[in-house]
Amino acid sequence: MLELIKQPWPWYVAGPLIGLTVPILLILGNKPFGISSSLKHICASCLPVRPSYFQYNWKEEIWNLFFVFGIFLGGLISVTLLNNPNPIDLNPALVTELAKYNITDFSSIIPTQIFNWHSLLSLKGFILIVVGGFLVGFGTRYAEGCTSGHTIMGLSNLQWPSLVASICFMVGGIIMANFILPFIISL
Amino acid sequence: MSKNRELTWIGNLKYVIVGIFFGIVFVKAEIISWYRIQEMFRFQAFHMYGVIGSAVLVGIISVWLIKRLNIKTIGGEPISIAPKSFNKGQVYGGLCFGFGWALTGACPGPLYALIGTGASVILITLISAVLGTMAYGVLRDKLPH
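Just so you know, the protein sequences line up as chains V and F, in that order.
Numbering-wise (numbering that gives the first Met the number 0), the first sequence opens with residue 0 and increments by one.
Numbering-wise (numbering that gives the first Met the number 0), the second sequence opens with residue 0 and increments by one.
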């Protein structure tokens, strides 16, 4: 059984489990599923001088920070107790393409040849790690939600603005991954 | 007062537990993987579409059942979900987030899970995301909505 859990989980197991987070949070405390708001609460709780956007009682939303702390612990538990020792199984077309950019190590869940402390000092690493992160934080707040708040929670509640946002997430990602990222990773 | 505060801490522990469950799913289904996100945006694998599609389907059925059966929270509170209102931010912001998602290979949830798996440099991505959020808060009035 444990051996089975250690294998990568198929989509038809993981997807429904993620979907169940929506009713679980609603039933536990009428909380809407959403993760990017945690970034806003971090700003509201840490900034000494708060722009008006961050002037609200973040303590009322503290459940969200407990939730993301749990996600962090979940990552820790997975890697210590449920770790899959095999390299990630990818589409051969992606493997061939990434080899052109000297990404050849598939032993980790992310390309550690780019995502490491040393590469922060390179232009490529800086764009992927720092600029990418900035766009995630800026974009999710501008769009008022991320994959969880819009794509999962918003669509579950049949909200059309969430459909617009989700389509834009995908369009942005498709443009970046296919047309811009190849130039960045060959830097 | 101090007792009340303690209760809130204990009350919030249930969200830590849901988070742990969720984080494990993230890692085990490889949703936190930069490679899986690249496959999705290049239409090279069905995996992420299957994950998101089935999650939305379960979510839609759950929310429908909660409304239909008038299900309350465990504390007896009625469940209400705030509607989302449209503004242009969902387009401009959505595109920005899409760019960031393809670069980092992570949306906000996976950032926390990745740090948990020991990918310590992702802490910089998270800090950068907090700075991006801060930048939005400062520039908000000047941005088209």
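For the record, the hints were derived by calculation from the structure and aren't laboratory data.
Incorrect hints may appear among the rest.
What the hints assert, rightly or not - Distance condition first, Cα-Cα at most 27 Å in a straight line; then the derived DSSO-like pairs of lysine-lysine:
1. F:87 <-> V:5
2. V:99 <-> V:123
3. V:30 <-> V:58
4. F:141 <-> V:5
5. V:58 <-> F:13
6. F:71 <-> F:13
7. F:13 <-> F:87
8. V:30 <-> F:141
9. V:5 <-> F:66
10. V:30 <-> F:71
11. F:66 <-> F:13
12. F:87 <-> V:30
Said to hold, decoys possible - Covered stretches of chain F, going by a simulated chain V footprint (3 or more residues, C-beta under 8 Å):
13. 75-85
14. 91-98
As the list claims (entries may be wrong) - Okay, the calculated bits of chain V under chain F, using three or more residues with CB under 8 Å as the criterion:
15. 12-19
16. 71-80
17. 127-136
18. 143-153
19. 159-173
20. 176-186
These numbers come from a predicted model, not from an experiment.
Note that beta-carbon positions come from the ideal geometry of N, C-alpha and C, so glycine has one too.
Against the structure, the hints:
1. F:87 <-> V:5: violated, 43 Å
2. V:99 <-> V:123: holds, 15 Å
3. V:30 <-> V:58: Satisfied, since the Cα-Cα distance of roughly 14 Å is no more than 27 Å.
4. F:141 <-> V:5: violated, 49 Å
5. V:58 <-> F:13: holds, 16 Å
6. F:71 <-> F:13: holds, 17 Å
7. F:13 <-> F:87: violated, 36 Å
8. V:30 <-> F:141: Outside the cut-off at roughly 31 Å; violated.
9. V:5 <-> F:66: Answer violated: residue 5 (chain V) to residue 66 (chain F) is near 37 Å, above 27 Å.
10. V:30 <-> F:71: holds, 12 Å
11. F:66 <-> F:13: holds, 23 Å
12. F:87 <-> V:30: Judged against 27 Å, a Cα distance of about 26 Å means the pair holds.
13. 75-85: holds (count 10)
14. 91-98: holds (count 8)
15. 12-19: holds (count 8)
16. 71-80: The restraint on the stretch 71-80 of chain V holds, since 8 of its residues have a Cβ under 8 Å from chain F and three suffice.
17. 127-136: holds (count 10)
18. 143-153: Holds: 10 residues of the stretch 143-153 of chain V have a Cβ under 8 Å from chain F.
19. 159-173: holds (count 14)
20. 176-186: holds (count 5)
Against the hints set out earlier in the document, violations occur for numbers 1, 4, 7, 8 and 9.
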